[in-house]
Every structure is written in C-alpha cells, then in structure tokens.
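S.K.: If you want the building blocks of each chain, they are given just below.
Number of protein chains: 2
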Amino acid sequence: MPDELDFFFFYGSTYTYLTVMRIERAAAEAGVEVRWRPFNVREIMLEQDNIPFRDKPVKMAYMWRDVERRANRYGIPFNRIPTYPVDPESLANRVGVLAAIEGWCPEYTKATYRAWFLEDKPPGDPEHLYQILSSLGRDPETVLSSADSPEIQARYDAETDVARWMGIFGSPTFVVGDEIFWGDDRLEDALEWRKAHPA
Amino acid sequence: MPDELDFFFFYGSTYTYLTVMRIERAAAEAGVEVRWRPFNVREIMLEQDNIPFRDKPVKMAYMWRDVERRANRYGIPFNRIPTYPVDPESLANRVGVLAAIEGWCPEYTKATYRAWFLEDKPPGDPEHLYQILSSLGRDPETVLSSADSPEIQARYDAETDVARWMGIFGSPTFVVGDEIFWGDDRLEDALEWRKAHPA
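First to last, the protein sequences are chains A and B. Each residue of the first sequence is one higher than the one before, counting from 1 in this note's numbering. Each residue of the second sequence is one higher than the one before, counting from 1 in this note's numbering.
Honestly, the hints are just simulated from the structure, not real lab data. It is possible that part of the hints are untrue.
One copy or two, it doesn't matter: identical chains are merged, so the pair holds either way.
To be verified - Straight-line distance between alpha carbons at most 30 Å, and here's what the computed DSBU-like set of lysine-lysine pairs gives: (1) Lys121 to Lys195; (2) Lys56 to Lys121; (3) Lys195 to Lys59.
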C-alpha cells in the first residue's frame, strides 16, 4: 500500500490554486497517494475570527502578487487577478464532496480552478458548473441535484468537523498522521514528513 | 558592488527566529549583502487589525509546531515554546535600530533571539539586555540611554514609515527593489529574485 497524504482544501481559497495545479506531480514523484478532501474552511475561519484578506487591503494586494510570483516560479499559468471571494453557497464545494466520493475529484477540481483563475469564471456559479461538469462527461442535473441533497451536505459538514478536530484552520492543509501542514508552501514539508514516517 | 537585500524585521516576531539564524549563510551563498532593518511591525499590524495569533489559539498552536518543525528542518536549535508576546516597550527593537546604525546589528540580533528561544529570556527585559550587550562588548548604560533618545525613536518610526509605505505588514519581510517577500519561507524566493534582477 502506498503512503497516503490527506489534502484538505476549499474551493474559494486562492493559494489552493497553486496546490491543485502541482500536487499530483509532486506526490507522484514522492511516491505518495493523495486523498482529496473538500471542507468548509470558511465556516472555521469565521468561527475563529480569522479573516486574512477581506478587510485587509494591504495584505490582500500582497497575496495576489505572491500567488502570481509563485505561479511563475512553478510554471503555472496566471493571467490576472480573478473575482474574489466566490462560492457563497458552497455549491462548488458540495460538488467537490460528491466528486471525492465518486472518484473524479482531481479532474473536477483542476477544471474548476482553471476556469476561475484563467477565464475568471468563479466557482459555484451554476452556469460555470454546467460547463465544467459537461466537459467532464458528467450529467449536470444529476450532479447538482445530488450536491443539494442532505446526504452530501452532511458529508461536507462531517469533513469540516474532522478538519476542525484536527486543528485545521486554513486551505490548503496537508495531513500526515497527527501532523498538519498549512499552506501550498508546506507541500514539500508534508511529503518529506510522509516519507520519513511511513504509516 | 554586491547585490543587496533589505531585511525588515521585528524583535518579537516568532518566525523571524528562523531567518535570523540562517539569513547570513543563505545570503552569502547567493552572493547577496543583507541590510538589517528593525521596524515596528506591531504598530502596522494593529493599524490593519491584523492579529494572527493573540486571540487565535488554534492558529497559535500550529505556528509553534510549524516553527519547531522548520527549525529541525534547517538544523536550527529549538528547545520549547518561549514566552510570547515580548518587548512591550519596543526596547529591544530600539536597541536594534541603534545597532543597525552602528554596524553591530547581526550579532546583537542573533544573541537576542538565542537568549529568547533557547534560554527563554524575552527580548526587551532590561536585565537580559544588560547581559547581551555586555557579552557583545557594548556598554549597556550608553546603549540603553541612546536607545531611549528621541533620535533613535525617530529613526525607528521612520523605518516603520518606510515599511508601511512599501506595503509591508509582517516580519520578516525581504525587499528587492519594488518587490516585497513576506515570511521566512520566502527568503529563497527573495534571493533568487535579487539574482535574477541585479540592481
């Protein structure tokens, strides 16, 4: 059984774009398997009064420049600052929960982030979701109906509870055993930790 | 003339410990000269309502674990979580401003952070300052009297104004031309940027 790493993330986190675009390759090179786990970081951040950007224009401006520079460093495309914040109803996130259960989360997440960052089509907009789901060969009506079901909402809440219980407070966060690593810039630390501490 | 990098920092920032212990070697390897510039990040953070840890126990707990893991990764000693917050009167910082003017800032800063992190002697405590200054061959009375002078306070405020004007909101921050890089984990990005964009 290969080593595993849990990737907790939220569709709407900006730095998560970098991770979504590079985690598969980085993990494959390290021989680590990734479990994609969408959760509601917004709820946890509001609980903890952890508002990094919304009311902080100086920090917000830096964040976008940092994301752009880091994207360039990784060879990840970056055109311009996209719409933010996004997904007020967590619809893109609930579709992600369904995708994780059904096994098509990586493709869906990459398509969602590409649409957001490269075409400025914000996650959670039903029209964009239709396009993305169709392009992945999924039936939008079926998927969106399922994403609105109590079962998927309950699973989303349960994943958020797990994250809260683990001490997770931001996206992306990587989990290896009891250790959590927050931020795209800790992906390498997490992969190294995984290799140094096999399950 | 060698390439330069401005290192803006605050005695009292936790992650800055990592930078203080490794920047000289990293910069020397890159052929970059460091200008040590203490400033009052606390004032800027309060202005911007940017309170990352004080009222956020979950994030605070993570920060200490992350600092410890990163210290281990770099081969920097870490014993246990030291007293925090520190230096309420910015005395350690004002001594740092004087040290930067007089050319003994790196030694003073390393001694201050070592005392804080390895012996739990918080920066800004006059007794600890006496010990540190004596160990560096400086006359404590002269230095502390100068650190309390209007001239040094004015220089501290002026450095803080420069930082604010540049969009700096945290410590450590590295400045290369118009670009700012926030966080110990961006030191390599800043050094690479410097080499790629010679003055």
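S.K.: Indicate, hint by hint, whether the structure satisfies it.
M.R.: Each hint tested on the structure:
1. For the identical chains of this complex, Lys121 and Lys195 are neighbours neither inside a copy (37 Å) nor across copies (36 Å), given an alpha-carbon limit of 30 Å.
2. Taking the closest pair of Cα atoms, Lys56 and Lys121 come within 30 Å of each other only inside a single copy of the chain (24 Å); across copies the shortest separation is 33 Å, beyond that limit.
3. Only between protomers do Lys195 and Lys59 lie at most 30 Å apart by alpha-carbon distance; the minimum there is 25 Å, versus 34 Å within a single protomer.
Of the hints listed earlier, the one the structure fails to meet is number 1.
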